[in-house]
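*Asks:* Based on the sequences and whatever the hints tell you, model everything.
2 protein chains.
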Amino acid sequence: MSRAATTYRATRGDVRTVWIGRVGPELDGGRFPVKREVGAWFEVTADILREGHEALTAVLRYRPVKDTEWREVRMEPIGNDRYAARFRLEENTRYVYTIEAYPDPFRTYTDDLRKRLAAGMEVTSELLEGAALLRRSLSRVGGADRKRLEVRLAEFDAAATPAHRTRVLLDDETAELMAGYPDRSTATRYDRELEVVVDRPLARFAAWYEMFPRSQGTVPGRHGTFKDCIARLGDIAAMGFDVLYLPPIHPVGRSFRKGRNNALEAGPDDPGSPWAIGNEHGGHKAVEPALGTLEDFAAFLAAARDHGIDIALDLALQCSPDHSWVREHPEWFHARPDGTIKYAENPPKKYQDIYPLNFYCRDREALWEEVRSVVLFWVERGVRIFRVDNPHTKPIPFWAWLIAEIQAVHSDVIFLAEAFTRPKVMGALAKVGLTQSYTYFTWRNFKGELIEYFTELIETEIAEYFRGNLFTNTPDILPAILQQGGRPAFLMRVALAATLSSVYGIYSGYELCENTAIPGTEEYLDSEKYEIRVRDWQSPGNIKAYVSRLNRIRRENPALQEYRNLRFYQADDDNILFYGKMTAARDNAILMAVNLDPFAAHSAVVHVPLDDIGVGPDETYQMHELITDTRALWRGPAHRITLDPAVEPAAIWVVRRWARREQLFDYYR
Amino acid sequence: MSRAATTYRATRGDVRTVWIGRVGPELDGGRFPVKREVGAWFEVTADILREGHEALTAVLRYRPVKDTEWREVRMEPIGNDRYAARFRLEENTRYVYTIEAYPDPFRTYTDDLRKRLAAGMEVTSELLEGAALLRRSLSRVGGADRKRLEVRLAEFDAAATPAHRTRVLLDDETAELMAGYPDRSTATRYDRELEVVVDRPLARFAAWYEMFPRSQGTVPGRHGTFKDCIARLGDIAAMGFDVLYLPPIHPVGRSFRKGRNNALEAGPDDPGSPWAIGNEHGGHKAVEPALGTLEDFAAFLAAARDHGIDIALDLALQCSPDHSWVREHPEWFHARPDGTIKYAENPPKKYQDIYPLNFYCRDREALWEEVRSVVLFWVERGVRIFRVDNPHTKPIPFWAWLIAEIQAVHSDVIFLAEAFTRPKVMGALAKVGLTQSYTYFTWRNFKGELIEYFTELIETEIAEYFRGNLFTNTPDILPAILQQGGRPAFLMRVALAATLSSVYGIYSGYELCENTAIPGTEEYLDSEKYEIRVRDWQSPGNIKAYVSRLNRIRRENPALQEYRNLRFYQADDDNILFYGKMTAARDNAILMAVNLDPFAAHSAVVHVPLDDIGVGPDETYQMHELITDTRALWRGPAHRITLDPAVEPAAIWVVRRWARREQLFDYYR
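Listed in order, the protein sequences are those of chains R and H. Residue 124 in this note's numbering sits at position 110 of the first sequence; the count goes up by one each step and never skips. Residue 44 in this note's numbering sits at position 30 of the second sequence; the count goes up by one each step and never skips.
If you're looking for bench data, these hints aren't it; they were derived computationally from the structure. It should be emphasised that the depicted structure is a prediction, and the values quoted were computed from it without experimental measurement. You may find that some hints are simply not true.
Unchecked claim - A few chain H residues that face chain R, going by a derived Cβ cut-off under 10 angstroms, partial list only:
| # | residue |
| --- | --- |
| 1 | Met135 |
| 2 | Leu208 |
| 3 | Ile472 |
Claimed, not checked - Covered by chain H, according to a simulated footprint, are these stretches of chain R (three or more residues, beta-carbon under 8 angstroms):
| # | segment |
| --- | --- |
| 4 | 138-146 |
| 5 | 349-360 |
| 6 | 394-408 |
| 7 | 457-471 |
| 8 | 491-505 |
| 9 | 553-564 |
| 10 | 588-601 |
The beta-carbon is built from N, C-alpha and C at its ideal position, and this holds for glycine as well.
*Replies:* Structure follows, in structure tokens:
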């Protein structure tokens, strides 16, 4: 598909008449696509130049990857030999783009002629040159335009004065005719076809909710079912979530099944870890019988769709010892010298209930193919989102291959990387195709570290390929701030997650402010990874109304639906984080202030970026705080605010210009 | 030669086991080589990683382009999944480099075994695994090492205890044996072979002197000769110059020859512009008879060599109307509608004595080939440096082709681009091969603009391919600061040029402080572009001793011979520029302060970067000022200095640690 770049070499008589360089966006010299979403404008810029003062024309060429026809849009100079053009990304597919540029001898000519005329120089010979240029272009011009050009030439030939001839050559009609039929025989094509993956908007803007189906029943000790999950949908939709993510729903292994709180021995009623996938009822293509049947799952999917909720499944590529792959394909696993299969370990930790797969095994092509068929199995049943368990323990080329294979036929499939690992590994996974990724947000609590981390994620090249999905908590991570900070911390952290990124999530129980950990760890005590938990979803102190409001504010304010528009602003207290998001058109400007200390009220003078918002320094503007629905008039950039975590740890303002002034009325102008 | 990068794709079962990315240096995704000089260490870094905790080995592979054998040096981790290695550039040639990395299963194994042992885990099976790894590697091990490995295995098999077996697997000898014979069958090669052009050191460190041979005679009105030039060499060498650049030495055209001060009509004795090349005595491969013969030129070259001076010729690709190319190849030029050849114009300016060449003409291959033969003509006569006249008015691919052709056979040839044009065009010319370039230094006079410009040149990626040669003046540019500032300005500007860059130059007359311009212009009055000028090289007020001293200071201080080590430091007055250069080993630290105002003394508190230099905050250090050869003891970073342009507008200190302390003596330790 793509033309390869090689080290720049020239041949004798080389006619690459135009230099095209430093195309942006271009990731790692064109090795990786950038990411965008349907509906966005895609802007491309480049250094485009020729020697001397020669004029040139440049066009941006693009096409959805499946099309063979290029579309073109003309690039305009934006200063310092840089050109820009943009087009709208209309399809959920991969687009290819490149640049072509060619000399514009007629414009070079008219620029020169104008200079000569301005200097009062004699131009008889130059006028003949212009006519010759017109005449030469005739062969390229067809139809009515050819007629028009012939008329221009006849007028030139019949003209009685040089002034008349000059007029023919320099008028708008001639310029337009000549611009319309350029000679592209010596056009230079950029040495590379670049790519942009255009995901559906949900890849950028979504609120995720994670829950264990086993815990959705209402009778303590009884295994929840897909039917119970259907009953929960209304509540989840009411909170405003778009994506509902389920840990593995497959049959749970029996051998070495873990008991409550990760005990080595399971009791007779313990459901085991759902990540120990596979037993006699099937493996990655089956559902745990206690949850229901594939038909029940289909009904659940349909019900979710009715609530406007997308279901995300867990893609956990590992097996319980009881998985059929273990019997049928022992070569897909790691073997000990005695021939037995190795369980997962991270010394000194042991996971006897889980066998990792060997993605490099001799029979790896069959294994990779089987994984592909697993994903397609669920895609064909209507699942379009996968949360990928530990992608960083599998080969990077495996993900590149798998995602390309799936998205080639189902471009709407979204993959969220659960990659809590080293930053470069997270980056590589994103570059090869994972749509979104978990982040270090979970462990970034204080002002300096939040600003540093999000500035890196949002304002550097990382944002071209890495979309951070901010989870407040996960079944594996109950952060210290939530353990210690209680309800104010829960409010504060979800407000941060929902506003720092356009895509964020919570793991259920968060809305109930559950925060009991195994002491000294980030592990939940009595985790539903190993047991069934039945909760009172209306328990006192829950923050469901708060979460609902946050999600409504996100839906009502387009600025919060963008990912790359986060900017930090000045607040003169280390506990107060002050930041904003704005639409490109500046018709929606949101400011946020969050007290990062869950234990005490703090106040700060915040500096509103009036210039960015488009408010004059002496203009009064309205600050409409959306959590409490209160309004205030401000004037000038500096204002003191106070945030009490016991009341409202966060404020979200929409800034409204105070448009009603007599100068804005029609009769005033 | 180079393998092309393509968009990253993976196949089913892909075994690129290691991820290699963001290699540095890599210019524009590997499209262009970076530049270095013989003798320099070349450091390469990259993100290199694998999934999980798997160990890997990475090697930097490199070779001079003419070699087929790769050399290798192991890369070491420097944190955050980044690796580095370096090698010495020993030849004046183009080097190719890339990276290869492969899994290190034995190291993965020993890391894991150590963790298990530390956790007190049972390791019987793991020990057998280790022995199996040893046994499998036997096939790769030859000679004495094979014997050694067999002995290790025998010891393992005979060992009575697990502890003994463990010792065999974990000791240094086994580690060394296993590291020496890696399995590279699944090695991953970086997708690109990158290049570095290694020029001779003169490309980076040189002082240039430009002079018109016609003006080197001693009798007013008599045309100077190569013999006169020989007589001048002692003076030029005494001033410390390394390169002597001559404007075109070819026969000067007669048609439309320009008179004094660019007059349209030449007088009978006027020599004409040397850039109007060619007459009945020959063209680009001949010398102007008034200067002498080719033999005289050869003698001059030899004499220059004896003085340690390299000669640079002007490569001005244009013709006088009397050049033989005009008769023999009229198709190489631009024609008017009436068939006559166009002279050069930049409306309203006309250069009737010069015909530009048409590098795109139908017969361009022959034209390009002829230019190549011109360059080779002079190269074969011993010329190894060309100052390229107006390269920005010729096609960029033409330069790429020409320079590659020449350097493929004569890698020691240096091309200096006289590209006073838009920054992106200057950059493109440097990227495709021009060794050095003129800069905007000529017009950067004040503190802010100097810091901004040189920070961009030196501290951004530009420094990877663009070497700025700082000329104080040229036959076309007598800057306002010299016209107005007089002798103090001449001292100040040459001190800046000689210390801001490792490569700089002056055009003769500078040392005599010649500064009479055509009013309102930057043109010299009575320019030797159009006439013969005979000067008194010892005229009063000359600054030859100053220039000599600057060049001696440059030769004696390695820090001033580097290009990329310029750093600006704080001085609290807008007229005082304070900066420094240091060797990587910090054994030569130079600080400069320059008063940029030629009209008045200024003083400033300067802040010495003690940390960078390696001087403690309470340590006394010696500041040895090299222009006046005076010394002072300083302590702490902040010191007030005063520079009076009427006395010394610039100071150049070598910073010396005050090493004589009892703690440094051997007996103290």
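*Asks:* Take the hints in turn and mark each one as holding or not.
*Replies:* Hint-by-hint comparison with the structure:
Because the smallest distance between the Cβ of Met135/H and any Cβ of chain R comes to about 6 angstroms, under 10 angstroms, the interface hint for this residue holds. The closest approach between the C-beta of Leu208/H and any C-beta of chain R is roughly 8 angstroms, which is under the 10 angstroms cut-off, so the hint is satisfied. For Ile472/H, the suggested interface contact is broken, since its CB lies about 19 angstroms from the closest CB of chain R, more than 10 angstroms. Check result for the segment 138-146 of chain R against chain H: holds, 4 residues qualifying (beta carbon to beta carbon below 8 angstroms, three or more required).
With 3 residues bearing a CB less than 8 angstroms from a CB of chain H, the segment 349-360 of chain R meets the requirement of three and the coverage assertion stands. Interface restraint, the segment 394-408 of chain R with chain H: holds (3 residues with C-beta to C-beta distance below 8 angstroms; minimum three). With 0 residues having a beta carbon nearer than 8 angstroms to a beta carbon of chain H, the segment 457-471 of chain R misses the requirement of three or more and the stated coverage is violated. Interface restraint, the segment 491-505 of chain R with chain H: violated (0 residues with C-beta to C-beta distance below 8 angstroms; minimum three).
For the segment 553-564 of chain R, the proposed coverage by chain H is not satisfied: 0 residues have a C-beta within less than 8 angstroms of a C-beta in that chain, short of the threshold of three. Coverage of a stretch by a chain is defined here by at least three residues with a beta carbon nearer than 8 angstroms to that chain's beta carbons; for the segment 588-601 of chain R and chain H the count is 0, and the condition is violated.
In this structure, the earlier hints numbered 3, 7, 8, 9, 10 are contradicted, and the remaining ones agree with it.
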